[in-house]
Amino acid sequence: GAGVSQSPRYKVAKRGQDVALRCDPISGHVSLFWYQQALGQGPEFLTYFQNEAQLDKSGLPSDRFFAERPEGSVSTLKIQRTQQEDSAVYLCASSRQADYGYTFGSGTRLTVV
Amino acid sequence: KNEVEQSPQNLTAQEGEFITINCSYSVGISALHWLQQHPGGGIVSLFMLSSGKKKHGRLIATINIQEKHSSLHITASHPRDSAVYICAVVSGAQKLVFGQGTRLTINP
Numbered sequence: 001g002a003g004v005s006q007s008p009r010y011k012v013a014k015r016g017q018d019v020a021l022r023c024d025p026i027s028g029h030v031s032l033f034w035y036q037q038a039l040g041q042g043p044e045f046l047t048y049f050q051n052e053a054q055l056d057k058s059g060l061p062s063d064r065f066f067a068e069r070p071e072g073s074v075s076t077l078k079i080q081r082t083q084q085e086d087s088a089v090y091l092c093a094s095s096r097q098a099d100y101g102y103t104f105g106s107g108t109r110l111t112v113v
Numbered sequence: 001k002n003e004v005e006q007s008p009q010n011l012t013a014q015e016g017e018f019i020t021i022n023c024s025y026s027v028g029i030s031a032l033h034w035l036q037q038h039p040g041g042g043i044v045s046l047f048m049l050s051s052g053k054k055k056h057g058r059l060i061a062t063i064n065i066q067e068k069h070s071s072l073h074i075t076a077s078h079p080r081d082s083a084v085y086i087c088a089v090v091s092g093a094q095k096l097v098f099g100q101g102t103r104l105t106i107n108p
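Chains as they are written, first to last, in the numbering used here: chain A, 1 to 113; chain B, 1 to 108.
Incorrect hints may appear among the rest.
[What the hints assert, rightly or not] Pair by pair, the computed Cβ-Cβ distance ranges are:
1) A/G40 / B/K55: 44 to 54 angstroms
2) A/Y10 / B/N107: 40 to 50 angstroms
3) B/N2 / A/E52: 31 to 41 angstroms
4) A/R96 / B/I65: 47 to 57 angstroms
5) B/Q9 / A/V113: 24 to 34 angstroms
6) A/G40 / B/V27: 38 to 48 angstroms
7) B/G40 / A/E52: 25 to 35 angstroms
8) B/N107 / A/Q80: 21 to 31 angstroms
9) B/P39 / A/E85: 21 to 31 angstroms
10) A/A2 / B/P108: 28 to 38 angstroms
11) A/G101 / B/T105: 18 to 28 angstroms
12) A/G16 / B/E15: 44 to 54 angstroms
13) B/G16 / A/G101: 36 to 46 angstroms
14) B/Q14 / A/D18: 40 to 50 angstroms
[Claimed, not checked] Which chain A residues face chain B? A few, computed with CB under 10 angstroms, are given here:
15) S27
16) H29
17) F33
18) F45
19) F65
20) F66
21) G101
22) G105
23) R109
Hint data in this document are derived by calculation from the structure and do not stem from the laboratory. All values reported here derive from a predicted model rather than from experimental measurement. No residue lacks a Cβ here, since even glycine has one placed at the ideal position from N, Cα and C.
Build the full structure now, drawing on both the sequences and the hints.
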């Protein structure tokens, strides 16, 4: 596709439920990033893939968060046993390679009730 | 202290005014991005800078590497420019470190 596609756009989860957020990057983009943006804050780094390799997962806030990109294209961010503090917009971005610009998806707004 | 600081946090101006948003950072960077985020919308990349100045339409971005400072200027501002403008730096292994954003409102 022409841009980075994220789905779903909105997700309401009950506390304790598992969720899976999908990111479909621009075809051929090697680098893929996940960011978490709490209300009124700037995005914060979660994790980074280069192709299928997860090179940095230092931003994942707990072991309830897990990300994968098994074939080096589509990525899934999974959150187990969701908590209210997980409520945020989850942004995905992709880049052709280092030092190139980033293209962001529209984000998934997760609300945990 | 945040690694990337923006000022002001909120800015309200009248249509036609010249707008300046500032960004200071404290880490070594390979590039700096200016991004635009509309309410409920995704993030659009405006500029990527590693030195000097870039211009696109009514938007101008400058960076001073020695002073670790960048500015985003909007000339002849318009209500459709109302959005959150975010400065983000590429530090280390490609990941972006974001400022907290500047909420700009342009009144007609």
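Here is what the structure says about each hint:
Between A/G40 and B/K55 the CB atoms are about 30 angstroms apart, so this pair departs from the stated range of 44 to 54 angstroms. As the Cβ distance of A/Y10 to B/N107 is approximately 30 angstroms, the hint placing it in 40 to 50 angstroms is violated. Separation of B/N2 from A/E52 is about 32 angstroms and conforms to the stated range, judged on CB atoms against 31 to 41 angstroms. A C-beta distance of roughly 24 angstroms is found between A/R96 and B/I65, which places it outside the suggested range of 47 to 57 angstroms.
Separation of B/Q9 from A/V113 is about 29 angstroms and conforms to the stated range, judged on CB atoms against 24 to 34 angstroms. Between A/G40 and B/V27 the beta carbon distance is about 23 angstroms. The supplied range of 38 to 48 angstroms is therefore violated. Distance hint for B/G40 and A/E52: a CB-CB separation of about 32 angstroms, consistent with the stated range 25 to 35 angstroms. For B/N107 paired with A/Q80, a C-beta distance near 45 angstroms fails the hint of 21 to 31 angstroms.
Evaluation of the 21 to 31 angstroms hint for B/P39 and A/E85 yields a pass: the beta carbon distance comes to about 22 angstroms. Under the hint 28 to 38 angstroms, the C-beta atoms of A/A2 and B/P108, about 32 angstroms apart, fit the expected range. For the pair A/G101 and B/T105, the supplied restraint of 18 to 28 angstroms holds, since their beta-carbon distance comes to about 27 angstroms. At roughly 49 angstroms, the beta carbons of A/G16 and B/E15 sit within the given window of 44 to 54 angstroms.
For B/G16 and A/G101, the Cβ-Cβ distance of about 30 angstroms falls outside the hinted range of 36 to 46 angstroms, so the restraint is violated. Checked against the hint of 40 to 50 angstroms, the pair B/Q14 and A/D18 passes, with Cβ atoms roughly 49 angstroms apart. Interface restraint check: A/S27 against chain B, minimum CB-CB distance 18 angstroms, threshold 10 angstroms, status violated. Checking A/H29 against chain B by beta carbon gives a least distance of about 12 angstroms; that is not within 10 angstroms, so the hint is violated.
For A/F33, the interface hint holds, the least distance from its beta-carbon to any beta-carbon of chain B being 7 angstroms, beneath 10 angstroms. The restraint placing A/F45 at the interface with chain B holds, with a minimum CB-CB distance near 5 angstroms, inside the 10 angstroms limit. The restraint placing A/F65 at the interface with chain B is violated, with a minimum CB-CB distance near 16 angstroms, outside the 10 angstroms limit. Against a cut-off of 10 angstroms between C-beta atoms, the interface hint on A/F66 is violated, since the closest Cβ of chain B lies about 18 angstroms away.
A cut of 10 angstroms between beta carbons decides the hint on A/G101: the least distance to chain B is about 5 angstroms, and the hint holds. Nearest Cβ of chain B to the Cβ of A/G105: about 6 angstroms, under the 10 angstroms cut. The hint holds. The beta carbon of A/R109 comes within 8 angstroms of a beta carbon in chain B, closer than 10 angstroms, and the hint placing it at the interface holds.
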